[in-house]
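Residue numbers (full-length UniProt numbering), protein chains in the order written: chain A, 1 to 177; chain B, 1 to 177.
There could be a bad hint or two in this list.
Under the rule of at most 30 Å between Cα atoms (straight-line distance), these lysine-lysine pairs were calculated in the DSSO-like manner [unchecked claim]: (1) A:LYS31 <-> B:LYS157; (2) A:LYS17 <-> B:LYS35; (3) A:LYS157 <-> B:LYS151; (4) A:LYS31 <-> B:LYS143; (5) A:LYS151 <-> B:LYS17; (6) A:LYS151 <-> B:LYS171; (7) A:LYS171 <-> B:LYS17; (8) A:LYS149 <-> B:LYS35; (9) B:LYS35 <-> B:LYS17; (10) B:LYS35 <-> B:LYS157; (11) A:LYS143 <-> B:LYS151; (12) B:LYS149 <-> A:LYS31; (13) A:LYS171 <-> B:LYS31; (14) B:LYS151 <-> A:LYS17; (15) A:LYS17 <-> B:LYS143; (16) A:LYS17 <-> B:LYS171; (17) A:LYS31 <-> B:LYS35.
Sample of chain A residues at the chain B side, in silico, Cβ under 7 Å [what the hints assert, rightly or not]: (18) ASN24; (19) LEU28; (20) GLU55; (21) ILE73; (22) PHE85; (23) PHE105; (24) ASN111; (25) SER112; (26) PHE122; (27) LEU127; (28) ILE131; (29) ASN137.
Honestly, the hints are just simulated from the structure, not real lab data.
In this text the structure is predicted, and so the values were computed from the model without any measurement.
Think of the CB as a built atom: it goes at the ideal place given N, C-alpha and C, for glycine as much as any other residue.
The chain contents come next:
There are 2 protein chains.
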Amino acid sequence: MSFDGEQYPGVMAPPQKAQGFRLNHTMLRVKDPEKSLAFYTGIFGMRVLRRLDFEEMGFSLYFLARLDDDEAIPEEVGERTVWTFQQRGLLELTHNWGTEDQDDFAYHDGNSEPQGFGHICFSVPDLEAAIAWFDSNEVSYVKRPEQGKMKDVAFIKDVDGYWIEIVQASKMEGAGR
Amino acid sequence: MSFDGEQYPGVMAPPQKAQGFRLNHTMLRVKDPEKSLAFYTGIFGMRVLRRLDFEEMGFSLYFLARLDDDEAIPEEVGERTVWTFQQRGLLELTHNWGTEDQDDFAYHDGNSEPQGFGHICFSVPDLEAAIAWFDSNEVSYVKRPEQGKMKDVAFIKDVDGYWIEIVQASKMEGAGR
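Next up, chain A with everything else stripped away, as it sits in the complex (with noise of 0.2 Å):
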């Protein structure tokens, strides 16, 4: 490979031995999954390859992929799972039992006091056509592109209020020059 990363005070060789580690998946906590599964997949196309249920913790599972379309998802359930877990750049929701049923229940998406994670972030092949897409999903903005300093950057909001980025890939070519 002829490029092997940006240099900055910090960054070092990738060793030996962090060969085949991968970034498997982003966890969020989600209030009532059902609301969940369907902005996620309804809205954004993902599919859920797994729920793992851990019925002695009171808790749910599940792993969402945006797949492209000639991927091979094994049907077989144990399969199905170790395959989940050797894939990049999935999303799992975490349910904990009941807290649909709390009128008073929300988690905290970390952008307010206190901070720390920020946003997930869709690229999408058209800017324009995906606000139109989301405009008639009726879904909640932070910023609209056209907004605030950085244009052609969206951020909406899922239904536990968490940020997600949207940009169209070919036009971030000059940003933060």
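Chain B: place on chain A using the hints.
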């Protein structure tokens, strides 16, 4: 494709309008990029695809990938920025300038109250070898594989205290059943 995803209340068929959407990245704020870059490149073998600086707003973004060795990253910077936003499963680290000099500054990991974001997860080919590698780097643990109810799953902390789950896919076949 024969397998369309597991079906649960809320799950919808992927809409045409979401074609080409990709889950590009997860963003975490970091206090000191030098330490975070040393951690994610030196221990996890990630590479910095792009740093984007926003001088007027006083922050920098670092886009990191854990790539397979045969992937070709464009050399030219504008082309590489576009390519970065076309990828799946990246990690974006946000550095608000100056936080690294504030002794009492810390980000919130999302696992103590108020809860929300939980963790990122790396899949590794050999859990035992990975644990030995983390130990040799004196990484902090939330939970070693042999602790707690979920055997064969470890949680470590990154330099800001964010949780990183470590799993070996082939050990997960019977998880949640």
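So, going through the hints one by one against the coordinates:
no.: 1; hint: A:LYS31 <-> B:LYS157; verdict: holds, 25 Å
no.: 2; hint: A:LYS17 <-> B:LYS35; verdict: holds, 19 Å
no.: 3; hint: A:LYS157 <-> B:LYS151; verdict: violated, 35 Å
no.: 4; hint: A:LYS31 <-> B:LYS143; verdict: holds, 25 Å
no.: 5; hint: A:LYS151 <-> B:LYS17; verdict: holds, 22 Å
no.: 6; hint: A:LYS151 <-> B:LYS171; verdict: violated, 45 Å
no.: 7; hint: A:LYS171 <-> B:LYS17; verdict: holds, 19 Å
no.: 8; hint: A:LYS149 <-> B:LYS35; verdict: holds, 29 Å
no.: 9; hint: B:LYS35 <-> B:LYS17; verdict: violated, 41 Å
no.: 10; hint: B:LYS35 <-> B:LYS157; verdict: holds, 13 Å
no.: 11; hint: A:LYS143 <-> B:LYS151; verdict: violated, 42 Å
no.: 12; hint: B:LYS149 <-> A:LYS31; verdict: holds, 23 Å
no.: 13; hint: A:LYS171 <-> B:LYS31; verdict: holds, 29 Å
no.: 14; hint: B:LYS151 <-> A:LYS17; verdict: holds, 22 Å
no.: 15; hint: A:LYS17 <-> B:LYS143; verdict: holds, 21 Å
no.: 16; hint: A:LYS17 <-> B:LYS171; verdict: holds, 19 Å
no.: 17; hint: A:LYS31 <-> B:LYS35; verdict: violated, 34 Å
no.: 18; hint: ASN24; verdict: holds, 4 Å
no.: 19; hint: LEU28; verdict: holds, 6 Å
no.: 20; hint: GLU55; verdict: violated, 9 Å
no.: 21; hint: ILE73; verdict: holds, 4 Å
no.: 22; hint: PHE85; verdict: holds, 4 Å
no.: 23; hint: PHE105; verdict: violated, 11 Å
no.: 24; hint: ASN111; verdict: violated, 9 Å
no.: 25; hint: SER112; verdict: violated, 9 Å
no.: 26; hint: PHE122; verdict: holds, 5 Å
no.: 27; hint: LEU127; verdict: violated, 11 Å
no.: 28; hint: ILE131; verdict: violated, 11 Å
no.: 29; hint: ASN137; verdict: violated, 9 Å
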